[in-house]
Amino acid sequence: MRESPSAVAGPAPDFTDAWSHLLRSGPGLALPPQTLRRVAATTADLLRRALGDRTCDTALAEQAGTLLVEAHFTDPEILAAAVALLQIQPAGPERVPAVAGAFASGWAAALRERTLREQEAIQRAAFRAREDAERARNASEARFRALFEHAAIGIGIADVDGTIVQFNQALRELLGARPEDLWGRRVTELVHPEDAPGVWEAYEDLVRGRRERFQCDKPYYRRDGEVVWTHLTVSLIRDEHGEPRYQVAMVEDITDRYRLQERLRHQATHDPLTGLPNRTAFFERLEGLFEQPPPDARFGLCYVDLDGFKVVNDSLGHETGDQLLTAVAERLDAALAPLGHLVARLGGDEFVVLLEECRGDQEAVAVAKLVLTTLARPFLVGDQQLTIGASVGVLAQRIAATTPGAAVRAADLTLYRSKEAGRGRWTLFDPTHNARAVSRYAISVRLPVALDRGEFFVDYQPLCSLADGSLVAVEALVRWRHPEFGVLGPDEFVGTAEETGLIMPLGRWILERAVGQAAAWVRRYGEAAPQINVNLAVRQIRNPGLVHDVTSILDSTGLEPGRLELEITESAVIGPEDESLRALQAIADAGVSLAVDDFGTGWSNLAYLRDLPVSGLKIAGAFVTDPHRAGTDDPVGWRIVGGLVSLAHALGLTVTAEGVENSQHARRLRSLGCDWGQGWYFGRPMRPERIARWIERGRPD
Amino acid sequence: MRRPEWVPAGTDVETPNAARVYDYYLGGSHNFEADRDMARQAMALWPDLPVIMRANRAFLRRAVQHLAALGITRFLDIGSGIPTFGAVHEVARAVHPRARVVYVDMDPIAVAHSRLMLQDDPLSAMVMADMTDTGDLLSRPEVTDLLAPGEPVGVLLVAMLHFVTDAEDPRKIVGALRDAVPPGSHLVLTHASRESRPRQADSLAELYARRTTTPLVMRTRTDVAAFFDGWELLPPGLVWLSEWRPEDPESVGPHPEQMSGLAGVGRRP
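Sequence order for the protein chains is A and B. Reading the first sequence from the start, the letters are residues 1 to 701 in the UniProt record's numbering. Reading the second sequence from the start, the letters are residues 1 to 269 in the UniProt record's numbering.
By construction, these hints were calculated from the structure, which means they are not laboratory data. It is possible that some hints are incorrect.
[Claimed, not checked] Not everything, but these chain A residues come out facing chain B in the computed CB check (under 7 Å):
1. E70
2. I122
3. A129
4. T373
[Claimed, not checked] If the Cβ cut is set under 8 Å, some of the chain B residues that face chain A in the computed set are:
5. V13
6. H30
7. A58
8. R61
9. G86
10. H89
11. R93
12. P108
13. I109
14. V111
15. H113
16. E247
Yeah, the Cβ is synthetic: ideal placement off N, Cα and C, and Gly gets one too.
Start from the sequences, fold in the hints, and give me the full structure.
Shown next, in the form of structure tokens:
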């Protein structure tokens with residue numbers, strides 16, 4: 001057999017260079033150059049020796065493979081490239097595969113070892129991390145259990161069906177309950193008659209996931225039957241998918257605070273002498289009636305003043321006077337409280353009876369008579385028999401037709417008339433007399449200075465589209481913050497202002513204020529800002545300066561004329577020949593809209609509408625309200641409204657219905673084709689800030 | 001007072017984790033199937049990722065060597081992950097055998113692994129902390145010990161800040177670290193950038209956001225440069241990974257921008 005040439009052959013002379021180059025690319029990048037050089041030199045040497053000497057053991061090649069893995073050459077591409085390079089070395093035909101195979105085997109075995117080592121290390125790390133987490137979780141749970149169990153505040157956890165699943169010591173003590181009283185009980189069983197309105201609605205919202213938490217003050221019955229007052233915070237806990245899972249209640253005992261508050265509240269709302277509710281309490285109750293009353297609700301007032309009390313006080317002394325007042329109070333309360341009426345002492349010898357529900361004048365008069373007969377019997381004070389009479393001003397009104405302040409003023413004035421007419425009697429409120437009296441009393445004297453003193457302000461009542469309820473316009477309504485009588489509405493002083501001529505500066509002031517406000521809304525909200533409606537008094541229309549006033553106010557505020565609508569009454573214009581028609585024409589020419597206000601209450605001359613430069617018609621409130629009151633099965637009134645709407649539309653006028661008090665009205669009017677509505681259903685006159693919020697949110701508060 | 005120890009999240013091996021995915025890119029086996037699956041998807045989008053990660057690793061080594069050569073013996077490696085080879089203490093100790101390193105990470109498995117590796121090393125410490133809460137990080141005893149002598153420190157934020165969202169205010173974090181270290185300290189920073197390959201970068205970011213708990217935020221060169229406010233950038237400035245002080249001109253390669261990572265070292269004056 002011939003000597004194999006491989007005995008003398010070996011790797012190519014450039015093998016070391018080629019080998020180094022192969023290692024430098026790829027993973028070698030991350031190694032320091034000197035390390036790379038060392039690894040390249042060592043492994044190249046091992047391979048050269050393995051290839052060059054057939055007596056030599058292929059273990060050298062295996063060792064080279066191992067070294068490469070240790071130097072982080074773990075990428076399989078390296079193995080492929082290395083084997084390819086070995087294959088082309090001019091060694092013997094058995095030698096090359098043997099060396100390449102041994103190299104690959106060394107590399108693979110080292111990689112396997114390394115992979116197992118690393119997997120073991122990372123598994124150990126994961127195990128350790130989980131152990132640590134478990135320990136932390138246990139410690140955490142122990143801490144939370146301690147926190148939960150020893151918290152000073154009562155804590156209870158229930159599922160969303162309301163079944164109590166967990167509670168702490170403090171909650172048990174607060175409710176005076178044993179664990180078995182609470183386990184598995186339903187939260188909804190813990191009702192109390194004094195639960196604030198809305199609490200259970202808030203609870204429903206919470207467990208259905210519509211809100212995250214709520215807070216309230218809530219009474220609970222303890223197991224012993226006592227009541228504990230609490231401040232309650234309930235929060236919703238959701239699961240990882242965001243579904244409501246648990247509710248957590250934190251319950252704080254505020255019984256002492258609550259009792260103190262109650263006592264303070266009693267002191268603040270009760271007269272210390274007689275124990276009757278005082279002026280504050282009376283006004284609270286009265287104002288409460290005015291919050292969202294049913295449309296036709298009525299109430300009554302009997303304003304009571306003792307006759308000749310001053311004489312008793314002056315001649316028999318304050319102490320006797322006080323005893324008499326106490327006796328009067330007791331007797332009034334005993335007679336009237338069982339009937340469900342509120343008796344309050346307003347001060348001095350003035351008392352008031354509030355009939356929260358009152359069918360009409362007759363019922364209020366009956367109460368006044370009862371007051372008089374109740375007080376008719378003599379009073380025993382000390383050892384004296386005292387006889388004291390009283391005068392009563394009686395008033396019964398629809399809540400919708402007045403305000404608390406106006407009603408009390410009216411009752412007071414009626415009492416005054418009663419006294420003037422001779423004592424010991426009742427007198428029924430008379431609206432015409434009242435208006436005159438209010439004027440006489442307060443308006444004429446004060447009115448001239450009121451404007452200078454800044455006692456007027458403007459509220460805004462919304463006009464809404466009947467089609468979609470959106471806010472389209474607001475009517476400016478002047479108010480007078482009278483230092484004595486409180487806030488007065490326009491009905492109470494505009495008449496006098498017209499008579500005295502003060503309507504001229506007042507009217508201009510209202511126009512400036514309202515247009516300025518409208519311009520501010522336009523700047524802030526742009527197209528979303530409502531049109532502004534301002535009332536013009538007859539005397540203003542007859543004033544030659546009106547056109548100039550309107551245009552200069554528009555100029556100075558920058559409001560587009562088309563966003564202003566002036567409301568005039570039918571009586572403002574006598575006929576086509578009237579002087580004021582020219583002024584209205586000039587205003588209309590300037591781009592300002594005009595609307596006829598209160599249509600249907602006066603002359604209601606349909607023909608003249610054609611001659612006036614108006615673009616809107618407002619159907620009087622009474623006109624809208626009456627058909628409803630006549631009953632829905634009497635369609636005549638509605639037919640009249642429907643006729644007015646068609647007529648107005650034929651003339652190209654926008655029709656606004658005033659006095660819209662409920663959704664039936666609104667629906668009916670919409671079906672009749674009426675454009676806009678105004679009235680309590682859409683909103684009462686309100687402060688401009690509320691209108692601004694409405695514009696912002698696109699809906700009322 | 002010690003903070004209450006909340007139960008750390010992230011001990012499950014079903015969710016891919018950035019540190020273990022990085023290990024896979026580098027050819028390591030310190031990872032689980034979920035990590036490998038995620039890494040394979042990423043590499044399908046961007047086959048160069050292993051090369052980029054090696055370049056990042058190589059930069060870290062060169063930067064630490066450079067700092068050690070400047071005399072720095074204390075290092076704070078934030079977001080250290082699972083250092084398989086070329087860990088900071090190994091590199092630094094080639095120059096200063098008593099170099100100290102505090103490693104910081106918030107992944108419990110990476111932390112546990114590092115603690116197992118370092119258990120016999122008195123000069124290294126592993127801190128589990130969330131670096132976005134710098135107040136907490138800087139108050140840890142291991143970190144206060146490192147800073148106590150007032151000697152300059154090498155602060156490493158290598159491939160770290162791109163896991164911090166803008167909402168977490170990374171500039172404020174870097175600022176707080178800068179204010180906490182003495183003058184002469186250095187900041188070593190690398191950051192993923194979408195500039196050279198926007199499309200691939202975006203799909204990669206999307207993958208991280210979807211699969212991991214650490215979304216990837218690519219930033220522009222200007223944004224990354226801003227992290228060096230209050231630091232003086234050492235030459236050659238903010239450059240592509242392989243361009244920073246290469247040991248061998250060949251290792252820069254013809255297209256350093258393909259590395260898609262920006263690197264820089266700044267000195268606190």
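query: Which hint numbers does the structure go against, in order from smallest to largest?
result: Hints 1, 4, 10 and 11 contradicted; others consistent.
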